[in-house]
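Chemist: Sequence:
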Amino acid sequence: MRIAIPVTEGKIPNHLGHCEKFLIATVEGGKVISSQELANPGHGPGGPPPVFLANQGVNQILAWGIPPHARGLFEEAGIKYLVGATGSPETALQKFLEGTLNSELTTEALDAGGGCGQSHHDGDHDHE
6 MRIAIPVTEG KIPNHLGHCE KFLIATVEGG KVISSQELAN PGHGPGGPPP
56 VFLANQGVNQ ILAWGIPPHA RGLFEEAGIK YLVGATGSPE TALQKFLEGT
106 LNSELTTEAL DAGGGCGQSH HDGDHDHE
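At position 16 of the sequence shown (counting the first as 1) the number is 21 in the working numbering, and the numbers step up by one without a gap.
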């Protein structure tokens, strides 16, 4: 399994498409066997991030928010996503693997603040 988590300034930001980079972890048997950080290739209508992550072999996303058009692209690529994840990407990943990640499935997380470029969540929210 390949899991991607958006990262900005060491935390999971409110909008996947606007992050600085992605932490991509390869997981086998419930353990991280490798990880890497890759720069976000950019953002635009239909967004490169979903295509970029699919091309990296990602099959699970942990994020705070994903706008509807990006969710559709992930679904088309067979990539599962979990929204509402906050805080440190490493902590979120560990909790996900332990089955203890409690995401906050809110309208804000689903809409990522209303869409591209209009997010009002500051990314410093820590719900852990």
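A couple of the hints might just be wrong.
Calculated pairs, BS3-like style, for lysine-lysine (alpha carbon to alpha carbon, straight line, at most 27 Å) [as the list claims (entries may be wrong)]: (1) K26 x K16; (2) K85 x K16; (3) K100 x K16.
Pairwise CB distance ranges (calculated) [to be verified]: (4) P73 x P46: 14 to 24 Å; (5) N107 x G35: 29 to 39 Å; (6) H74 x G34: 15 to 25 Å; (7) A82 x Q41: 17 to 27 Å; (8) T105 x P53: 14 to 24 Å; (9) P73 x I38: 15 to 25 Å; (10) H74 x I38: 17 to 27 Å; (11) S39 x P73: 24 to 34 Å; (12) G47 x P73: 15 to 25 Å.
Keep in mind the hints are simulated off the structure, nothing from the lab. Since we're looking at a predicted model, the values are computed, not measured. Glycine is no exception: its CB is placed at the ideal position from the N, C-alpha and C atoms.
Chemist: Run every hint past the structure and note whether it holds.
Modeler: Verification of the supplied hints:
no., hint, in the structure
1, K26 x K16, "holds (11 Å)"
2, K85 x K16, "holds (21 Å)"
3, K100 x K16, "holds (15 Å)"
4, P73 x P46: 14 to 24 Å, "holds (21 Å)"
5, N107 x G35: 29 to 39 Å, "violated (18 Å)"
6, H74 x G34: 15 to 25 Å, "violated (34 Å)"
7, A82 x Q41: 17 to 27 Å, "holds (20 Å)"
8, T105 x P53: 14 to 24 Å, "violated (32 Å)"
9, P73 x I38: 15 to 25 Å, "violated (33 Å)"
10, H74 x I38: 17 to 27 Å, "violated (32 Å)"
11, S39 x P73: 24 to 34 Å, "holds (32 Å)"
12, G47 x P73: 15 to 25 Å, "holds (19 Å)"
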